[in-house]
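The listed protein sequences derive, respectively, from chains A and B.
Take the first sequence: its letters are residues -7 to 222, numbered as in the working numbering.
Take the second sequence: its letters are residues 475 to 729, numbered as in the working numbering.
Since the hints were made in silico from the structure, they are not lab data.
Listed next, with one range per pair, are the computed distances between beta-carbon atoms:
hint, chain 1, residue 1, chain 2, residue 2, range
1, B, Q605, A, V166, 52 to 62 angstroms
2, B, D537, A, V52, 35 to 45 angstroms
3, A, R9, B, A699, 21 to 31 angstroms
4, A, M55, B, D537, 34 to 44 angstroms
5, A, P33, B, T524, 48 to 58 angstroms
6, B, A676, A, L73, 29 to 39 angstroms
7, A, A85, B, A676, 35 to 45 angstroms
8, B, D582, A, G117, 32 to 42 angstroms
9, A, F77, B, L684, 23 to 33 angstroms
10, A, I123, B, V701, 27 to 37 angstroms
11, B, G690, A, R9, 25 to 35 angstroms
12, A, V52, B, R517, 49 to 59 angstroms
13, A, T69, B, D537, 44 to 54 angstroms
If you want the footprint, here are the derived chain A segments under chain B, 3+ residues with CB under 8 angstroms:
hint, segment
14, 20 to 30
15, 41 to 51
16, 93 to 104
Cβ atoms here follow ideal geometry from the backbone N, Cα and C, with glycine treated the same way.
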Amino acid sequence: MTAAVETRILRYRPRQRLVHWLGVGTVLTLLVTGLALLWPPLSFIAWGGVGPTLHRVGAVLFMALPFAYALLNPRQTRELLVEIFTYDREDWAWLKHFPGYFLGHAAGLPPQGRLNAGQKLHHAGTFLAFITVSLSGLALWFLKGSLGATWLPVMAMLHDVSMLAVTVLFVGHVYFTFVYDALPAMTTGYVSPEYARLEHARWLEELTPAAPAVETPETDEPTEIVVQQA
Amino acid sequence: MGQNAILVDLGQCIGCQACIVACKTGRELAPGEAYIHIREDVRGRFPNLTGSFVHHRCFHCADAACVAVCPTGALSKVDGLTAVDLAKCSGCGYCVDACPYGIPEMVDGHVSKCTGCTDLTQEGQEPWCVQTCPSGALKLGPRESMLSLARERAALLAKRFTSAQVYGETQLGGLGALFVLPDEPLAFGLPEQPQVPTTITAWQRGVQPLTQGITGLSVLATALAFVFARREHHREKRALAAQAAQGEAGDDSGR
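Please take these sequences and the hints and turn them into a complete structure.
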């Protein structure tokens, strides 16, 4: 009798998953404690200064996390930054089909690499918003009382709009994760070949050693395919 | 209760600082903390000198920028005065930056400014400073009455000080602290027509509601689309699986 064989593909290593979930924790902390200063029904969280203290602790972790990752993984960080700001013809073609993808149709879309064009946009937007939300947040924190009536609202508006971008991107990220059953990639680190074929066909092709005319990428990103006895 | 106002008659102030002491004691302020600051101001050239006591205290603006920017409701308007609920203060310090008069300060991580003693006024009592003032320079009452009194006092003072006037009648929607000044406002460091920057209005009435709206909308839109999209995706996956199975069966039969 032959045992059933399940193939699964490594997508995120433990360190990447740890950074991701720490990031989720800090963003949620910042979001809830920040909303307390924006949305009156949540303002009780900020009373007495508990919320703002948590906000500052979350902010320090939020800002330190990418720097820590970049220090430990400089090459991957550089490659990621290049990747999220590089869009080829297939990416633009994929983006044209975004409304259909939003409504659950992934089949027949132009094949995507390790990150699809939507993920690239998400990461790029988060990266840019990270810079503006951090700078405006630092100004609101350390220049408190000396910003004046003109710069306070400028910095606060920049902070609000940046966090709006982070929030909308976060909501979209969660949405697509659950629509396309992508959560296991960040919990176990592995995805099924079906998922990879449908969502990241070009990446799967690059991972397969027998793939014709595909160069092995010089990267430390996960490239192993693990075959497991079920 | 209607709109109250505190009348500060600098023509009657003797600079005794009893109001400061009463305020600090009554409001149980921390050492070094004060809601009222008084300094003696001497103007002119000897021997033609004039002097007065300048009060630096909350002006209780009707269109209070501090209330507009306070994100937790710690600052609010109560019967025309700008009240403070310290338990609600988050210590964000927005009010410190927003106030066109530079009144609020941060002390021990919370806002420090005149509360108008609204806890006392709502019980029919007067604020500590008014109760204590020995020269009658401080009064509390309905704003219209205080305004009439202020005009009378200014007219009386004008016989001796030609620039005497009432300050606070129109500034920032009308102040809840009306000042009888023996001289031009600028002589007391008071702006003629202080302004709240339009950026504060844009922030409070434009960006903040927009931010809340778009955030809510994105959550709502994705929640509604989720049910449909997930069903569609699963249908698509089943179709692809069936297609693959058919292909495999075709391969097997072809062998």
